[in-house]
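Engineer: One letter stands for each residue in the lines below.
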Amino acid sequence: MVISLAAEPLFHIGTFPVTNTLIMGVLVTIVLLILGSKAGKRVALIPARGIAHVMEATVDALLGFMDSVTHDRERSLRFFPYVATIFLFVIFSNWIELVPGLGTIGVWGMHHGEEVIIPFIRSASADLNVTLAIALFSVVATQVVGVAMVGGMAHIGKFISFKNPIAFFVGILELVSEFAKVISFSFRLFGNIFAGEVLLIVVTTLVPYVVPLPFLLLELFVGFIQALVFAVLTLVNLNMAASHAAH
Amino acid sequence: MGDLLTKLGIDWRLLIAQLVNFLVLFFLLKKLLYKPVLGMLEQRRATIAQGIARAREAEARVADLAQEGIQLRAAVTAERVAVMTRAAAEAEALRGERVAAAEAEARTIVTNAQEDAERMHAALMVTVRREVGDLVLAVSKKVTADALTRDEHDRLVAAAMEELRHAKL
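Protein sequence lines correspond, in order, to chains A and B.
Heads up: the first sequence at position 188 corresponds to 187 in numbering that gives the first Met the number 0, and the numbers run straight through without jumps.
Heads up: the second sequence at position 166 corresponds to 165 in numbering that gives the first Met the number 0, and the numbers run straight through without jumps.
If you're looking for bench data, these hints aren't it; they were derived computationally from the structure.
Be careful, since some hints might not be right.
Claimed, not checked - Subject to a maximum C-alpha distance of 30 Å in a straight line, what follows is the list of computed DSS-like cross-link-like pairs (lysine-lysine):
no.: 1; chain 1: A; residue 1: Lys162; chain 2: A; residue 2: Lys180
no.: 2; chain 1: A; residue 1: Lys37; chain 2: B; residue 2: Lys29
no.: 3; chain 1: B; residue 1: Lys30; chain 2: A; residue 2: Lys180
no.: 4; chain 1: B; residue 1: Lys141; chain 2: A; residue 2: Lys180
Claimed, not checked - Listed next, the stretches of chain A that the computed footprint assigns to chain B, with coverage defined by at least 3 CB atoms under 8 Å from CB atoms of chain B:
no.: 5; region: 55-61
no.: 6; region: 81-95
no.: 7; region: 128-140
no.: 8; region: 196-208
Bear in mind the structure is a predicted one, so any value in this text is a computation, not a measurement.
Ideal Cβ placement from N, Cα and C applies to all residues, glycine included.
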């Protein structure tokens with residue numbers, strides 16, 4: 000049983016450690032690109048069957064959900080690539096750890112002085128590097144969209160304002176909250192998915208049959224909720240950044 | 000701080016690698032999936048909206064046509080009634096004219112027949128008087144041949160003829 004906060008390196012390229020989460024991240028990216036490419040090619044005015052239909056339905060459902068937040072189709076379309084990419088990447092990363100048996104496939108390696116199997120499969124979301132990267136992407140995208148939609152000066156004025164002491168203080172808080180968002184985004188997702196992995200490892204080690212099933216279902220749900228939370232918070236931040244000039 | 004980051008597994012090289020990986024995914028998905036799918040969804044939405052608009056327009060047109068049909072039927076019915084009324088009035092007028100003409104013709108025929116009858120009667124009377132005169136002359140000749148002179152005889156014949164002329168038969 001291997002429980003480690005840090006992702007386990009499978010091998011090194013020079014001094015660069017290739018971890019199982021990096022492989023998973025790349026794998027998820029490749030799978031999503033293949034599915035997305037197929038769906039994108041098969042899209043037609045009359046809905047196609049198969050994967051194209053599933054992807055189209057997912058896009059449509061996500062867009063409809065976004066409309067309920069933004070109340071503006073044009074804005075939803077503009078934010079869609081950011082929100083959808085986060086949602087798809089996170090949910091695929093979260094769910095791939097639930098494929099039974101994949102945790103047992105790996106390479107032998109030393110861990111805390113013991114030789115154990117280091118699995119190839121570890122959810123990308125159970126690595127702080129991944130969650131931090133997505134959180135940085137989310138927060139930077141929010142700033143870019145804010146500048147693009149309300150203008151550079153107006154957007155910077157949200158953080159630096161000398162109108163009055165209260166506005167100045169609120170601006171400082173806003174600035175701090177942007178950094179806090181990166182931490183909260185990354186640690187929330189990491190914490191939930193890592194804890195889920197640990198829970199599954201412990202339960203599967205204790206009682207390998209039947210008992211882990213409810214926990215797998217729970218993790219399925221948690222994986223979906225965490226992807227949704229990450230995507231929705233990004234959407235709300237984007238929407239607020241775009242609406243700031245109006246307030 | 001560095002120790003904490005190491006314990007948490009944060010490695011800036013891995014962080015950059017994951018960020019690049021995610022950015023690649025973002026840009027390629029945007030190009031390969033979102034652009035065509037969103038474009039198609041928007042096109043489908045526009046097509047559906049256009050179809051609904053056309054269907055509504057067609058429904059309105061059908062309703063208009065139905066209304067026009069009702070109005071046309073009413074107009075045709077009214078025209079038919081008017082034509083029938085006019086035809087009946089014309090027929091009645093024609094019948095009156097024909098009856099009047101027939102009556103006039105009948106009256107003419109009757110009048111002509113009466114005149115013919117009167118002419119024939121007059122001619123007959125002339126003939127009768129002549130015949131009777133001749134008869135009376137012949138008879139009186141036989142009766143008075145020996146007793147009357149020629150002058151008396153002619154006077155008597157003339158008187159008899161005069162009486163006959165005035166007599167009504």
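Engineer: Please go over all the hints and tell whether each is borne out by the structure.
Structural biologist: Taking the hints in turn, this is what the structure says about them:
As the CA atoms of Lys162(A) and Lys180(A) are separated by approximately 26 Å, the hinted pair is consistent with the 30 Å bound. A threshold of 30 Å between alpha carbons decides the hint, and for Lys37(A) with Lys29(B) the separation of about 13 Å falls inside it, so the pair holds. Between Lys30(B) and Lys180(A) the CA atoms are separated by roughly 28 Å; this keeps the pair inside 30 Å, and the hint holds. Annotation: proposed proximity of Lys141(B) to Lys180(A) is violated, straight-line Cα distance about 174 Å (limit 30 Å).
Counting residues of the region 55-61 of chain A whose C-beta sits closer than 8 Å to any C-beta of chain B gives 3, which meets the bar of three, so the coverage hint holds. With 5 residues having a Cβ less than 8 Å from any Cβ of chain B, the region 81-95 of chain A passes the three-residue criterion, so the hint holds. For the region 128-140 of chain A, the assignment as covered by chain B holds, since 7 residues bring a beta-carbon within under 8 Å of that chain's beta-carbons and 3 suffice. Counting residues of the region 196-208 of chain A whose CB lies closer than 8 Å to any CB of chain B gives 0, which falls below the minimum of 3, so the coverage claim is violated.
Checked against the numbered hints given earlier, the structure breaks hints 4, 8 and satisfies all the rest.
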